[in-house]
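One line per chain: the protein sequences are A and B, in this order. Just so we're aligned, residue -14 is where the first sequence starts under this note's numbering, counting upward by one. Just so we're aligned, residue 1463 is where the second sequence starts under this note's numbering, counting upward by one.
I should point out that these hints are in silico values taken from the structure, not numbers from a laboratory. For each residue, glycine too, the CB sits at the ideal point set by N, CA and C. Treat the hints with care, as some may be off.
What the hints assert, rightly or not - So the derived label-pair ranges between C-beta atoms look like this:
#, chain 1, residue 1, chain 2, residue 2, range
1, A, G335, B, E1694, 55 to 63 Å
2, A, D332, B, M1491, 47 to 55 Å
3, A, A218, B, D1517, 45 to 53 Å
4, B, N1587, A, E259, 25 to 33 Å
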Amino acid sequence: MSMYGEYDFLMIESLLGDEERMVRDSVRTFVRDRVMPIIQKHYRAGTFPTELIPEIAGLGLLGPTIQGYGGAGVSHLAYGLIMQELERGDSGVRSFASVQSGLVIHPIHTFGSDAQKERWLPGLISGELIGCFGLTEPDFGSNPSGMRTTARKDGDGYVLNGTKRWITNGNLSHLAVVFAKVEGEGTPEKPHIGAFVVERGTDGFSTLEIEGKLSLRASVTSELHFEDCRIPADNRLPEARGLKAALSCLNNARFGIAFGALGAAKACFFEALEYAKERVQFDRPIAGYQLVQRKLVNMYSDIVQGELLAFRMAELKANGQLNPAAISLGKRNNVKVALECARTARDILGANGVVDDYCPMRHMNNLESVYTYEGTHDIHTLIIGQRLTGLAAFSG
Amino acid sequence: MKILVTAKRVPDPEQKVKVQGDAIDLSGMNFVVNPFDEYAVEAALRLKESSGAVDEIVVLTIGSKDVTQQLRSCLAMGADRGILVEGDDDSLDSEQTARIIKAVYERESPDLLLMGKQAVDGDNNQVAQLVAGKLDLPQACFAGQLELEGDASAITVGREIDGGMEFKKVPLPSVVTVDLRIVMPTAVKTAGSKDNQEYAEGPRYASLKGIMQAKKKKIDEISVGDLGVELEQWVKTTSVETPPSRSAGIKVESVDELVDKLQNEAKVL
Ligand SMILES: Cc1cc2nc3c(=O)[nH]c(=O)nc-3n(C[C@H](O)[C@H](O)[C@H](O)COP(=O)(O)OP(=O)(O)OC[C@H]3O[C@@H](n4cnc5c(N)ncnc54)[C@H](O)[C@@H]3O)c2cc1C
Chain A
-14 MSMYGEYDFL MIESLLGDEE RMVRDSVRTF VRDRVMPIIQ KHYRAGTFPT
36 ELIPEIAGLG LLGPTIQGYG GAGVSHLAYG LIMQELERGD SGVRSFASVQ
86 SGLVIHPIHT FGSDAQKERW LPGLISGELI GCFGLTEPDF GSNPSGMRTT
136 ARKDGDGYVL NGTKRWITNG NLSHLAVVFA KVEGEGTPEK PHIGAFVVER
186 GTDGFSTLEI EGKLSLRASV TSELHFEDCR IPADNRLPEA RGLKAALSCL
236 NNARFGIAFG ALGAAKACFF EALEYAKERV QFDRPIAGYQ LVQRKLVNMY
286 SDIVQGELLA FRMAELKANG QLNPAAISLG KRNNVKVALE CARTARDILG
336 ANGVVDDYCP MRHMNNLESV YTYEGTHDIH TLIIGQRLTG LAAFSG
Chain B
1463 MKILVTAKRV PDPEQKVKVQ GDAIDLSGMN FVVNPFDEYA VEAALRLKES
1513 SGAVDEIVVL TIGSKDVTQQ LRSCLAMGAD RGILVEGDDD SLDSEQTARI
1563 IKAVYERESP DLLLMGKQAV DGDNNQVAQL VAGKLDLPQA CFAGQLELEG
1613 DASAITVGRE IDGGMEFKKV PLPSVVTVDL RIVMPTAVKT AGSKDNQEYA
1663 EGPRYASLKG IMQAKKKKID EISVGDLGVE LEQWVKTTSV ETPPSRSAGI
1713 KVESVDELVD KLQNEAKVL
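Okay, chain B solo, but in the shape it has when bound (with noise of 0.2 Å):
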């Protein structure tokens, strides 16, 4: 089997962003894995160990030569091979990255197409779907548990609703996107899986091994072009403004006071 996982760069979250002009200005700025990315690849990976039913973990990411530096990472993580597509990420919006992902999932044919459930930089939330349904390929999103049939034919998918759990079965191959509690210590279940397996939360730390292995792994490189997609811009920045700051606060009296402004003023009672 098979797993396709997703990665994008995005600027650390922990900075604070700046506006210049109508853009953000990303001079200067630390880039990291979108950390959604991050836990897919830590599924990805909690699902080869436990399963031994997964060959190969590929890990695709769009972007300048810059990228590659957040590629290994992944590859430090324990991923197997990198395929980057040369383009212009900070430009694409989720419909042009949907194609490449779509034409790049056709070359490599995975089992599981694994994706964090968004970006944090445009915190959109539109690619997966956008793939699946380009694919015409099941999808269930917002994973926060996964456990993978015996077999390695469906996967069952956890996602949290209000008020409890739901669970969704779905043949493979499919698109899988990820949320937070996916890396939970017993969030990715296998066949394999022992009764007491426990992971430790969050995304692994690259060690140094795999820091130095990552060196040593594949990555090719890939062109918009040897794709074939096209690319004309289906989204339009027209502008970009920070959100406006809060004003201060006001004390009631009185409960009844309270109550009157919730109903009258604000409206939400």
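So that you can see chain A by itself, here it is in the shape it has in the complex (with noise of 0.2 Å):
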């Protein structure tokens, strides 16, 4: 089902070119085929279902706009498709592919040198290696500039100590892009931020699966811990100064996102609007009852507007245009539309709702993740906030 055909009012499908909607097309019944089948399965077991990755890679979507490399060079609203139509099968899927393209991929790609592209792109956009990315700290979260790990230039390397906290794909990965204060670079006060990719088995790097969470259960986050950790010094990524570069992978990653959610909210739209066209109550169809319409209409209404947002954003991103202050606007309303989406079609499906047979609370929860990660969704509004009144209210 889609919001296409005989749902889509707004023609929004003619936006599309041959090529997005052939890719969009063919994630869907990838979707369809291989991930619904067995979601219900690893959510409850709390796993990342690592059997879909060399079909994922096979199909393209790791890094699917990088042009050589091994990548297929798509249009940025493909990218955003492939993202949401991920994520109509499960926010952990889709965080899985964001992770990879928009987080690892992504920074190698833009900060890195030829050499460093040469040996980790191939094997990251075929899926042979699985990256994570490291940012978020247990005291720093939202305001990742007072972020405590250090990198120490000794000889020819760099010595790593800190921890990150909350990453993504964390124990599946190969190799992490890890951002670090380095010491002697900057002020004393205000030392300047780099990246580095620290692989796996090098000495003083450790991983620990974060385990209870209630959201997001089928994808993997854990702990990265950095003691005395040496690297080569041709592990930082030269290009890479500052916070600018991780924002830069950050704004990558809200782009899909924006598109992202709206997948998980069309599932919910969708499975709301059979349910409730099926269940009979007091003679009739739910469907039938105003209160239940303005339910549907409403959620209906917000997804086709994130939507154009959503296209209008990938319209900005092709032309070189897409601002941050934009970016906030699509993660933040599109995310906020899907998890209210979830919560809407949760209830319109009663006691059903609540169990696993049905979409929409796995969505609900997941959702809850992606309104906290990639900047809150408060986060957001302080963004948009700053630019709509000059003045920034972040701090004291």
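Make one complex out of these two single chains by using the hints.
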């Protein structure tokens, strides 16, 4: 089921080119055939479906916008649609792809040397290497500039110390892109932040999976530990100077989330719509009652608006005009829309809404993480607020 | 060796069909490649990949310009070239379709004409048989298995029949239609197949690279006139009706009553 065909009042489908349509349809079929049959099992077990990685990579969904190194070089709109279809399946699967593409392949491609690109990109794009992105720390989430992780230059290498927490793909990964304050660069009060690639197996680097998540259960989230972890100087991404580099990655991933979240929203909407048409109470389908119709119409209306917002973002991105406030607008709005759709769909399904044979509650739980990561909802409020008022409200 | 595969676009079978007056309302419908034709493309690709004997897979479709979209998706799966015969695919009957395919066959002279066993819109299951008849070619329909000879002189077609499989070896060129089982992991074999070669079940998903390459692949556009085909209508639709809705079942009290009803009312015993 989709927002096109008989439900596409605004003919949004016509905004897609042939390439984008084919990409979307291919990923949609893949998710229907391969993700849906196994997602409930993985969600219950709290495991990521690693068995899907070869096919995800084979389809070209890792680093899809990259030209060369095995990447297909599709448009940003196609990238957004990939994220949307994956998240229609599960936010955990989309998170896996988002991190690999937006937060690992992107920084190496943008800030890495040619040698680094040759070394890591082909493996990351073909799925033989899995990466993770370590920015957040136990004590520094919304405010990463306060990070404590340090990198000290030592002969022909760097020595890393510190802890990163809430790191998607951490325990799956062969390499981590890690942000750390570089001792002796910048000023003592404001040291430069650099980006480093740490490979699994390096002495002093360990990962610990975080247990007990009630959200994004089909995704691996970990803590990364660096204890006098010595890496070659060649593993520093030379062009990543300061937090700007991290933000460039986040902007990429947030763009994908603005599309992705709507995939979860659509899954919930269509499940609720079908259910409401079939479910009879007081002798007629509940879809025939005004209160239920209003819920369905609100969901539909929010999704369509979110979609237009996302499409506009893709257009701006293609022209190199996508600014951070616009990205915040999209991430903030569309994740909120999705979360509300999931809650409403849960409600429409009544008691059936609380079991995992139906998708809304799984999506609802997942979206709580999506609401928080990649800049919390409120942090995006502050970013947009600052653009509107000229006043920064982040700190005292 | 060249394989010609036919592909028709059909309304997405996952949608509900709407009947308007005496015709099916196609407005706002999403279209897909007929699933059995997609299986035929998949089978052709497997023959090509494992045998090394296939030089080209050409996909033929008949329809308006819009159908290019479905043709491209076959090219994105990996077929090499497309042919679009411009015409109104909704109004063509089996005879007319067969005439067009025959004409294209004669232009292309492929070694194998591979088709879906039927299109899921009309479910006629006639075109391949008509084409084979017109071309006086051997035909083997409903292939659930295929095995290509090493010298590509013949193909063995496994067909599911009551109680087992029947194998027919047909010399090439010939006309073969495929059934659902042709996309099972080991359904297609050639002399070059490895012993343990298994495909993922189902037609392959177009990869992003395949999609990007498909944009550059050639699609020849031909008009029915160019082919010199006469198209008078053979089949006329007189009316379209939705099937009557099923009336509620009944509960029987005893086995005797059941047997009695089956014998005397349903007359099936
Ligand atoms: C499942 C999951 C996966 C994740 N994956 C990754 C990953 O791969 N890599 C990575 O680096 N990080 C990852 N994160 C971390 C995520 O980015 C952070 O959780 C997020 O940035 C918020 O930080 P925090 O949790 O420390 O919350 P805090 O920053 O402590 O925020 C707590 C609350 O305070 C509010 N708040 C904070 N500052 C202000 C302010 N100035 N004004 C008003 N309100 C404020 C927030 O909006 C929030 O409501 C992941 C998180 C989750 C849950």
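So, going through the hints one by one against the coordinates:
no.	hint	in the structure
1	A:G335 <-> B:E1694: 55 to 63 Å	58 Å, holds
2	A:D332 <-> B:M1491: 47 to 55 Å	32 Å, violated
3	A:A218 <-> B:D1517: 45 to 53 Å	52 Å, holds
4	B:N1587 <-> A:E259: 25 to 33 Å	32 Å, holds
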